[in-house]
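Protein sequence lines correspond, in order, to chains A and B.
Using numbering that gives the first Met the number 0, the letters of the first sequence map in sequence onto residues 0 to 336.
Using numbering that gives the first Met the number 0, the letters of the second sequence map in sequence onto residues 0 to 266.
Among these hints, one or two may not hold up.
Straight-line Cα separation of at most 30 angstroms, DSBU-like style, residue types lysine-lysine; simulated pairs [as the list claims (entries may be wrong)]: (1) K237(A) / K220(B); (2) K253(B) / K6(B); (3) K237(A) / K53(B); (4) K6(B) / K53(B).
Think of the hints as simulated: they come from the structure by calculation, not from any bench.
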Amino acid sequence: MRSSGKTKWIAAAGVAVAIFLLSICAGRFPLSPGEIAKAILQRVFGVEYGLNPAAVAIVVDNRLPRTMAGALVGAALAASGCAFQGLFQNPLVSQGVLGVSSGAGFGAALSILLFSGTAFVPGFAFVFALAAVWLSFMVARMCGEVTPLMLVLGGTIISSIFSALLSFLKYVADPYNQLASIVFWNMGSLASVESSLLPFGAAVMLVGMAILCVCAGPLNVLSMGDREAKSMGLPVLKTRILIVSGATLATAGAVSIAGTVAWVGLVIPHIARFLIGSDNRKLVPFSILLGAAFMMLVDLLCRTVTGSEIPLGILTSLLGGPFFIYLLRRYKGGGWK
Amino acid sequence: MSVLAVKDLAFSYGTHRIFSNVTFSVEAGQIFCLVGPNGCGKTTLAHCILSHLKPEKGTVFVQGRDIAEYAPRQLAEQIAYVPQNHTRSFPYRTLDVVAMGRTRMQKLMKPGMSHQDEALHYMEQLGIGHLAQTEYTTLSGGELQMVLLARALTQQSNILVMDEPAAHLDIKRTQDVLLVLTKLAKEQGKTVLLSTHDFNHPLLFEDEGADVKMALMEKGKISEIGTPVELLSSGLIHDIYNIQSKVLTLSADKPRHYLAAWNEEVE
């Protein structure tokens, strides 16, 4: 059993690395792995290989940051999806449940309207994503104990408020310019990843994922239910706040870079669960690996399948949905029911 | 000093009073059985003692200290809990579930191999070692009950609180669990507090030579506390349940007590 577990890790890591390499090589301007290595050396160490400067720019300024951003976004969404599913003891929830996505969507739209550009979109999306979760938490706390049920209820209320506000912004937006940007942003994309914003988003996502990896053991205990977790000595509320914070940071970081990307946070943890089991100490890191691979693959398809860019959210759902159906059939609904 | 002392405890859901004026104390190595009809408040009382519910009035003392002052980790060091009902959400490996009993001893680390060994040790002690590698969502209700007991034992606390420990168990497993509890109390000085419907459980503890106290609960009050044979031989059962009953003694190698009960109308 142990060896087959190890094989799965190696296989998943291998797939992720292969997709990473493929993603940097492929595109409208195909490059060989050798040329990629040369381009990176040329930029970093100033070694001259006589490579076309355009090729160097494509690799170092475009494909590399974009692929890394994709990997991080997929990893962060998958990890926080795991955390939310464990937290609510419900395999059907994803990060949307506490209002992260609708908060971020509203923030992005607001900044598009206010500044008629996309420069402040990541910052606004990030801040409003955090605000939405914080408000959901406050609503839950208002009614006494912060139970999973109250959190879901708070999240539902806050999400619907932000959705309504987003609809209002869409309604008043200039339909030719602003509305298009808002709609496009809400379908998710890595096309406009700006290198200057990447480090901040990446740092936030990494911190979030680190919190989730460290809290994976307590997350197992928490999924036994509040009373049992408490009786086993877990500080339930503190742990829950810590995990919600980690998941929110990871999601908000991802959303601020790639917009709202559907499905990944729901489906990847499930696929990982089929493959590696439900123990969050394995599941969270494995989901991170799988999420990164999946997102790099989807983004690769987004930018290579047709002449123009396809929004991420469309392909994640189109690919993830049927694949999920296949897995459900194959594993007869999985082991959790 | 008592290990566990309950002083003038009361609890209500809104205006609905569940119990009041509950006072008792439990000594180290004692098995304390809360017995009473459905809806008498014994489960709610257990949850107040576990600090899952905040009593409206009164105090629960563990080792002389108010449980409201305990941090979760400290309280878990004192009290372990075996729930009657458990909702299973994800198919964890059974051994991992049992090893969660070590939560209070670990910081944010993975449980090391020693924790798994401990977990396996208690599973084997309860005769469920063969379930270690299975997914716990596939276990039967009785097996799950044993797993949750093993998890509580793995916690190595001084006090064990159980709600209807035999609710899902067959006749053999019931005997096994009751004997394990007797052994824990007699040999390791563990304190056990359990709620039950079955009068034969306290009788068995007494026959096995454990220090047993039985509290009869009725309509949110404790009406009497005493030793099982003595209490069940009095007229209290008739007063509470409105049935006839008699404690029977079967003599094998050692005397065994059983409560036989029948409806008045039939007689």
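Would you pick out the hints that fail for this structure and give their numbers low to high? 1, 2
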